[in-house]
Structures are given as C-alpha cells and as structure tokens.
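Top to bottom, those sequences are chains E and W. Read the first sequence against my numbering and you will find it ends at 286, with the numbers running on by one and no gaps. Read the second sequence against my numbering and you will find it ends at 305, with the numbers running on by one and no gaps.
If you are wondering where the hints come from, they were derived from the structure by calculation, not from laboratory data. Hints may be right or wrong, so weigh each one.
To be verified - Stretch-level coverage of chain E by chain W, calculated; a stretch enters the list once three of its residues show a Cβ under 8 Å from a Cβ in chain W: (1) 74-87; (2) 91-104; (3) 165-175; (4) 178-184; (5) 258-269.
Think of the CB as a built atom: it goes at the ideal place given N, C-alpha and C, for glycine as much as any other residue.
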Amino acid sequence: MTSERNRWSIVADVLTGLLALIWLLPLIFTILMSLRPSNVPITVGNIFIGCGPFEELDVLCRFTLDNYYEAWLVAPWLQHLLTSVLVVIGVLGVQMITMTLAGYAFAKLRFRGRGLLLGFILLQLMIPTGVLLVQNLTLVRELGVFDTRWALMMPYWGTAFGVLLIRQTFRGVPTDLEEAARIDGANTLQILARVYVPLSLPTYVAFALVSISARWNEFLWPFIATRTAEVRPLTVALNQLYQTTEVGAQYGELMAGTLLVIAPLVVLFLLFQRRFIESFASSGIK
Amino acid sequence: MSEHLPEKTRNWSVLTPYLLVAPTVILVFLFTVYPSFQTIYQSLFQPGLSRSDPPIFVGLQNYVDLFDSTHFLGSRLMLIFRNTLVFAGATVAISLPIALVMALLVNRRVRGLALWRFSFFYPTVLPLIGAASIWAFLYADTVGLINTVLRSLGLPSVNWTGDPNVVLLSVTVVNIWKQTGFYMIFYLAGLQSIPRDIYEAAALDGAGYFQQLFRLTLPLLRRTTLFLLIVSFTYAFQTVEHLQVLNQGNPADRGNLLLYFVFQLIGSRRNLGYVNAITVILVGLLLIFTISNFLIFERGGDDDQ
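Based on the sequences and whatever the hints tell you, model everything.
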C-alpha cells in the first residue's frame with residue numbers, strides 16, 4: 001500500500017517537474033537568447049548557449065550584455081516607462097476613490113434606486129471596455145484628450161469590479177464603529193478615511209495588483225489612442241521594436257527588449273506571489 | 001435661519017448616497033453605456049462619400065453585407081468568425097484539463113511549491129504582447145527553438161506563423177500557455193474548499209486515488225468547471241493582442257480573430273459602419289455568455305432587491 005502510494009507520488013513529482021519545465025522553457029530560452037552574442041548563430045548542436053559543443057563549461061565568457069545595450073538605444077525606454085508608470089498610478093488612484101465612495105453607498109446606505117444603479121454599474125462587467133475600441137476612440141477625440149496619457153486612463157476610472165469588491169468588504173465592517181466616529185463629529189468622508197479604508201487594506205491591495213497588471217499589460221487601446229512616442233506605454237514600444245527589427249537577425253536585441261518590458265511585473269510577482277494569486281482569484285468569483 | 005439648518009442637513013443626507021455613487025455611474029455611462037448605444041446606432045449608417053458629407057442611413061444593410069459571403073468583408077468575417085470559435089473552443093478544451101492537473105499537482109504536500117506555482121502562473125502576469133514576442137522567436141522559421149529541435153531530430157521544420165493550416169494552432173498555443181495558470185488558481189481554490197474528511201471516509205471504504213478523483217473531486221468541482229467554461233470562453237474572445245506580433249492575422253485571415261479584425265479596420269473611414277456592426281456582433285456574443293454566467297451564479301446569491 002505505502003510503496004504503491006510512493007510510486008504514484010513519484011509519478012506526480014515527475015509530472016509536476018515536466019509541466020513546470022515546459023511552462024518555464026520560453027522564459028529560460030528568452031533569457032539565454034538575450035545574453036547570447038549576436039555573432040554566434042543558433043545551430044543544431046548549439047541551441048541554448050552561445051558556445052561551441054566543447055566549450056559548454058566556458059559559459060560565462062560567452063554571455064554578453066550587448067543586446068541590452070543595443071535594445072536600450074533603439075527606443076526612449078525611460079519615456080515609455082514613465083508613461084506606463086503614470087498611467088498605472090493615474091488609473092489606480094482615481095479608481096480607489098470612485099470605488100470607495102460607491103462601495104460604501106451600496107454596502108451601508110439605503111436609498112431609492114439602489115438596486116437599479118448597482119445594476120447599471122454592473123453593465124461594465126458585461127461589456128468590456130476593451131471591446132468598444134471604435135466608439136471610445138471617437139469619444140476621447142471629442143473630449144480633446146486623444147494622443148495624451150489621459151486617454152489611456154479615463155476609460156478605466158470607474159470600476160464595477162472594484163465597487164463590488166469593496167462593497168463586500170465594507171459590509172463586514174461593524175456599523176458600531178461608524179456610529180462611534182459619527183458621535184465624535186466625523187462626516188462621511190472622514191468616516192471612510194478613518195474607519196472603513198484602514199480596515200479594508202487587504203482588499204485594496206488585491207484590487208491594486210489586478211488593476212496594475214491589467215493596465216501595465218494593455219496594448220490595443222494605447223496603440224490606437226496615442227500617436228506620439230512619449231505618451232505611449234512600454235507595450236506599444238515593444239511592438240514598435242518588433243516591427244522595426246528583423247526577427248531572424250536581431251533576435252538577441254528583441255529578447256532583451258522583451259525582458260526589459262516584462263521584468264517589472266515578473267519581479268513584482270516574485271516578491272508578492274501569494275498575494276498576486278489571491279487577488280487574481282478574487283477577480284473571478286466574488 | 002436656524003430653522004433652515006436641520007432641513008438643509010436632512011436634504012444633504014438624502015443626497016449623500018447619490019453623490020457617492022455619481023462618479024462611478026457617470027464614468028460607466030460615459031465609457032460603457034454611451035459608446036455601446038453609439039456603436040449600435042452608427043452600425044446602421046454608411047459614411048458619406050467625402051469627409052464633409054453626412055453619413056447615410058442604410059438600416060440593417062451593414063449586417064446583411066457582413067453575413068453575405070460574396071461581400072468583400074462578409075467573406076472575411078465568416079472565416080474570422082469560424083477561427084474565433086475554434087480558437088476559443090480549443091483554448092477552453094485544452095487549458096481547463098491542464099489547469100485541473102496543475103491544481104491537483106500543486107495541491108499536494110510537495111517540495112518547492114513556490115517554484116511550481118511560479119512556473120505555472122507567471123505567464124498570467126505577462127503582457128500578451130510580451131508573451132507573443134517570446135513565442136514569435138520560439139516559432140521563428142530558421143532560428144527558432146522549436147524548428148531547431150525538430151531539425152536536430154531529423155524532422156522537417158514547420159512555418160508556425162506562416163503556414164495557413166498551422167497558424168491558428170500556433171496562435172492558440174500561446175493563449176493556452178498564458179491562461180492555464182490563471183484557471184489553475186480557481187481549481188486550486190475549489191480543491192481547498194473540499195473538506196478532507198470526505199476523502200478519509202472514501203479511503204476507509206477502500207476507494208483508490210483515481211476512484212476518489214472521478215467519484216468525489218470532479219463532481220465537487222462541477223461549479224468551478226462550469227464557471228471556468230464560461231469565463232475562459234469569454235476571455236478567449238478578448239485575448240487577441242498576440243496576433244499583432246505573431247502574424248497580424250495572416251496568412252489571408254487564416255490566423256485572424258474577431259477583435260483583432262476590428263482593430264485592423266479602425267483606421268479606415270470607409271469601413272466605419274461595418275466596424276461598428278462587427279463590434280455589435282462581438283458585444284452581443286459576450287453578453288450571451290456573461291448573462292448566462294450571472295443567471296447561473298448570481299441568482300439568489302445576492303441579498304439586494
């Protein structure tokens with residue numbers, strides 16, 4: 001019985017390792033390619049590292065950071081990075097405010113039309129903003145924010161997902177705490193800032209991780225809503241790099257550029273693995 | 001004056017909830033509801049001959065054209081629509097079983113849990129365009145990893161993003177690689193919510209691992225599976241950004257998808273009516289899925305009237 005159990009657990013271990021390897025291989029390969037000297041061709045006996053078959057041990061001397069340097073020169077990365085960071089912060093900051101206000105009203109206040117207004121907001125979950133490309137493009141043009149960072153932020157300021165999430169959390173906050181604060185003369189905004197928000201920090205963190213990765217990773221909308229290089233985020237810059245370099249010839253440079261773009265999120269994920277997974281889970285079922 | 005004060009305060013507190021929800025309601029109206037109605041309305045028009053001419057009302061003609069296989073866009077749409085269904089169906093059919101296996105593997109007492117979790121989940125946090133640029137190189141014709149491995153095994157190399165019979169598969173594989181870890185976490189949550197003593201009872205009855213898996217675990221995960229079926233199918237309609245780097249819908253639309261098609265047509269004023277009509281069709285499809293999701297999972301689960 002036990003030996004059979006052990007056998008299955010070994011099979012499961014091997015399967016785990018194999019699946020993980022398959023899933024990791026693209027990343028490993030990308031890292032190796034980005035470090036490979038561009039004058040060392042990929043051949044059958046020499047796939048992974050830029051060394052001849054008998055020089056495998058001599059790996060470090062063949063690795064180079066030249067590709068990163070070359071990729072760095074191709075685009076104004078710092079500008080794109082600034083845009084990506086500003087958009088992420090500009091979206092998240094406003095979302096936090098709008099969702100806190102609405103989430104409190106829907107969680108704790110009774111008012112006419114509450115169900116109707118909540119249903120109205122939920123329309124956003126049914127019709128994803130990312131699909132309404134054409135009309136949102138017309139809209140940002142009419143609002144005069146086409147080709148600015150505002151165009152990348154404004155469509156996401158209101159968030160049905162955020163409202164639902166924070167409403168759920170606020171419901172668990174005892175109303176006694178609120179009443180105590182009210183007796184002390186605090187108004188609604190002060191109560192939110194002093195009672196509700198501090199007690200709901202984990203929910204805000206969960207929401208933030210989902211929001212940050214969604215905005216950081218977005219491509220189609222930033223691509224059509226902007227034209228000037230300096231207001232275009234990293235994803236659009238990566239596409240530019242892709243379209244202007246030759247896949248066959250400058251692969252090292254491309255892979256270096258790709259890693260520059262994905263590194264911040266991968267590092268963030270490495271640091272906050274558990275929280276990331278929990279918050280992505282909350283983005284599905286409530 | 002002093003008599004007015006309480007009245008004023010009361011009015012104010014009546015208004016408070018509306019003021020609190022106003023920002024979100026206005027933003028949702030502006031960027032979701034209004035554009036949706038505009039999309040429907042403008043799908044009934046063709047642009048004027050020149051930029052200064054007013055649009056011409058054509059009724060449902062744009063839709064008729066789009067479903068007409070002899071029309072220049074209609075013929076493309078048919079193919080792209082079919083591609084999208086295959087892409088979504090294949091993503092669901094392949095990634096959900098793998099996601100379940102991953103969840104079962106990670107849900108054991110294993111060493112190196114953090115590493116396995118990272119391996120399976122990290123593609124989820126990558127931008128799709130970044131994932132595509134990684135895979136574009138794996139797929140590359142002569143220098144790519146996959147073809148180099150094939151050649152070293154003495155097999156012929158494959159034009160992964162250029163062969164009309166292969167391109168849809170290549171595009172789907174990237175999506176599967178990217179999404180499976182995301183779906184895994186829902187199975188993981190489902191597994192962890194199953195009480196352990198159920199298994200202990202089954203083990204006492206002499207049920208082996210696979211019997212437990214098929215008789216207990218899978219039935220208990222039915223809700224999760226149903227949820228993931230709908231969610232992953234809807235997601236697949238929206239995850240198209242990798243096409244920009246991999247194949248731009250080529251060759252000859254054999255590797256094209258609905259939302260990417262919209263994206264491609266946006267620049268041309270001549271096709272504006274059609275682009276709106278295609279968006280209506282796309283949103284309509286998504287609505288069917290999300291509404292069925294709401295009906296299945298939210299009904300009775302919410303205490304709002």
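How the hints compare with the structure:
1. 74-87: Result for this restraint: violated, n = 0.
2. 91-104: holds (count 6)
3. 165-175: Violated: only 0 residues of the stretch 165-175 of chain E have a Cβ under 8 Å from chain W.
4. 178-184: violated (count 0)
5. 258-269: holds (count 7)
Hint compliance for this structure: hints 1, 3, 4 are not met, and every other hint is.
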